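Colleague: Residue strings, one per chain:
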Amino acid sequence: METLNFLLSGFAAAATPANLAFALIGCILGTLIGVLPGLGPAAGTAILIPLTFKLDPTGAIIMLSAIYYGAMYGGTITSVLLNVPGEAASVITCIDGFQMAKQGRGGTALGIAAIGSFIGGIFATVALVVVATPLSTLALRFGPPEFFALMLFGLSLVTGLAGRSLVAGVLMTVVGLLIAMVGIDPVVGAPRFTFGIPELYDGVGFIPVVMGLFGIGEILITAEKPYKEVIKTSFAHLLPSAAEWRRSAGAIVRGTGIGFFLGLIPGVGAIIPTFMSYITEKRLSKTPEQFGTGAIEGVAGPETANNAYANAAMVPLLTLGIPSSPTIAVLMGAFIVNGLTPGPFLFQERPELVWAIIASFFIGNVLLLILNLPLVGLWAKILEIPWQYVCGGTLLFCILGAYSINQSVFDIWLMLIFGIIGYLLRKLDFPIAPAILGLILGPQLEKSLRTSLEMSAGDFTIFLTRPITAVLLLLSVTVLVVSALHLTPPQLREASED
Amino acid sequence: MKLGWQIGSVCFFALFAFGLVLALQLPMGDALGPGPGFFPLWLGLVGAALAIILFVQVRRQPADGPGDERLAPDRPAVRRILAVLILLAAVALLLDPLGFRLTALLFTALLLPGLGVRSPMIIAIFAATAGFGVFHVFYYWLKVPLPLGVFGI
Amino acid sequence: MRKLAVSIVLGVAALATAPVMAQKAFPERPIQLMVAYPAGGSTDIGARILAGIAEKAIGQPIVVINKGGAGGQVGWTEMSRQKPDGYYIGFINLPALNTVITDKNRQAIFDTKSFTPIINQVLDPGAVWVKADSPYKTLKDVIDAAKAKPNTLRGATTGILSDDHLAILMLEEAAPGAKFRLVHLVGGAAMLKETLGGNIDIAFDNVGSIVTQVKSGQVRALAVMDVERSKFLPDVPSTKELGYPTVISSSTRGIAGPKGMDPKVVKKLADTFKAAMADPEHVKKMSDVGLAVKVMTGDEYTKYYEDLHKKAIKYTEWAKKEQK
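Protein chains in written order, with our numbering: chain A, 1 to 498; chain B, 1 to 153; chain C, 1 to 324.
If you're looking for bench data, these hints aren't it; they were derived computationally from the structure.
As the structure is a prediction and not an experimental result, all values here were calculated from the model.
Heads up, some of the hints might be wrong.
[Claimed, not checked] Example chain B residues on the side facing chain A (calculated, C-beta under 8 Å, incomplete): (1) Val46; (2) Ala77; (3) Leu112; (4) Phe138.
We put the CB at the ideal spot given by N, CA and C, even for glycine.
Please model the entire structure based on the sequences and the hints provided.
Modeller: Here it is, written out as structure tokens:
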């Protein structure tokens, strides 16, 4: 099998001491970048590109790719330990991951995240080797109408995020969608709901908002209590128990699938696979009420999906030369600056290079696992530091993070305001996750609708005549109807007796 | 959580009503389809309706018992929360004029005692690390621009 | 105990601050070079390449900061408010800056007089392209089709009132009867995806964005909107030689400062950057990325800036009328 030969020679190239070192450095740097909030993978990778000018192309790409998926894991660490999402994709890990940390199972959370990420990444890379080209051409068929339907489908699943009250959950989703309307509208290009503040022209900044809602909100809630017990993490708890393994296994498998397929579609964004995985796990679980209080599947699934997505998102770049996200666009810039042309012809012109890079994905995933598993114990120790210092450190962290996005103090104010909102929402017992979903999906939903109508010159039947779109829309309607039917009188009575 | 949802639904209703009013000032549509005001309008309407439904639903609930969380925090708690918020606001205000190093120094030096740390030595070390150590790592090694402030430090 | 603590802090402060105090002539501290777009974009890459070379010559670090948002408006708003002492300069992208100023909806707090142009770095001409297996082989095919079936051919831009948007309008003006169905995407990557996926018929973007795809054969460039051919796409005719000399569109990136800068400081910066742009490393790296360097300073750049603005006003008004 020709492919296998190529892959093996790729391994030989990737496993040279120099390239191994680059991959290792990349993983370390990537994890650090992921840990530092605000300094997202895109910015971090861009800043490090000049470093790679001194290296040969293969080495440079290997290192930058390692930084990229290393950053995906780094974001998990702060989500679990501090409830501060290091970057957008880690938001959902905060929900159950941080709860696990509060119960002394922080090490377990990080451990299962590392293992899940590894499995997701390896599988995605294997699949990349086997089915890359045919699947990526299929992924190209996801145009604006398909995106609209996909986002709508994602929204219809929100009922899976609702906690004790379906109405409160849907209400929060609408809040998120409304906030997503702030900014320059996709129709006319005029500012909407911005009250004359130019920093709002691109919409309410996502990272400051989630850092505020989760990170600052959590600090304010904790500040209510005079003392915070130090959580002793017993080392025996670093690896998941047998029962936890069993529960996570399914989540990991499903997370891999969700992450991989969504990663093939350029433009989907890392958060969507994590949300989808979380909702799927919650729906399929026999104990959905545990989600939000430290259910391990709530960490295993999304983290796997995250890493599977990250690896799969390299496919459109390698096979078609299309970057799926701003971070990958930076990687693409690195390719070009090093004299390589990502796209189908790269496979033919420089196969040894491409296969070396693909082989390095395998190696990188292994390195990440080796790097992070032992460190899990170290990270978890942070939870033993007295709360006053953790609080101070987290706040400083958040300030740095918010500021460094755009070198703007405005983002700090935004974070502060949403911190207060997050605190109030928690006190008043409203779920935050549905609002985040609305905030993420809203802009893409509206823009896709508009672009689809521009394509069809105003003809709405475009949504029915395109097969993928029609199917997704049908699914969305089905999900919504089924959820609405659950609101039968007995359940309504039940809900109000809560 | 009855009281919480009651307060919340009233607040949300106000938010959606506000959004509705603003949305009505925007164009609703054009030749191609929905305009900028279309979605905000519907979101405002649906949201307001949901807020009303929630409020009504909750009325049938029994009142919060002693087991439910008390809504209003006690005095010391309020003090601590306000301390954090005021300090954060101060940072936002002072970051550009004073520069990162000074602001982080002041922030840490004021926050830690506010949270209960007593030892001046520890506070000093933390403040120095926060102000200067962090700055050094970010500005010189990672090349992330941080404000230098009026005094250039 | 307290005294010791305080002295530690002061000591560290003194040690850490020392390197920042330096010589007397401009510049005597780091210069901030603002890019009004997020990190990783082509403006940003060009900026970082240039900054890395220029800072060695000028003797102080040139720190690239990203102030993205609203198609550049956030960054330019910020720059217009800075002190014109030469320590805060930034990239201005034309005609993006012009359309932000002329579009009343955007309520820009700045206008053309708010900035002091220093030097231009890149001039990236517009390009019309289709996917490799498209039925359209030449620009003439495209225009004929657009005339035969007006408002059917889906032509994409990288954004509302982007240089691509204005370019399509210029083309429609130069070829009366040709009308495209305008589809506004967000950015070049989306355009690549949608065109290759068959959702867009004709793509309007810039040379720099498609050089690699043309080389790999996925994409066919039909025309370059310039008075001459692009050295990166030597086989692609220019709009001038195809008979459309008025369809000239490009995206330029240059450095400017807030208004009221000292001409001596401007000259020093312009000379430093000019030398950096001539540096072989700069030439090579920009060439690899497909960005054509066109150095313009002083009066030449100012004139270009003002001429472009008049053009932008005309087409922006047309675009707004079309939207009604």
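Colleague: Next, verify each hint and record whether it holds.
Modeller: We went through each hint and held it up to the structure:
1. Val46: Check passed: Cβ of valine 46 of chain B comes within 6 Å of chain A, closer than 8 Å.
2. Ala77: The hint holds - alanine 77 of chain B has a Cβ within 8 Å of chain A, the shortest such distance being about 4 Å.
3. Leu112: holds (6 Å)
4. Phe138: holds (7 Å)
Checked against the numbered hints given earlier, this structure breaks none of them.
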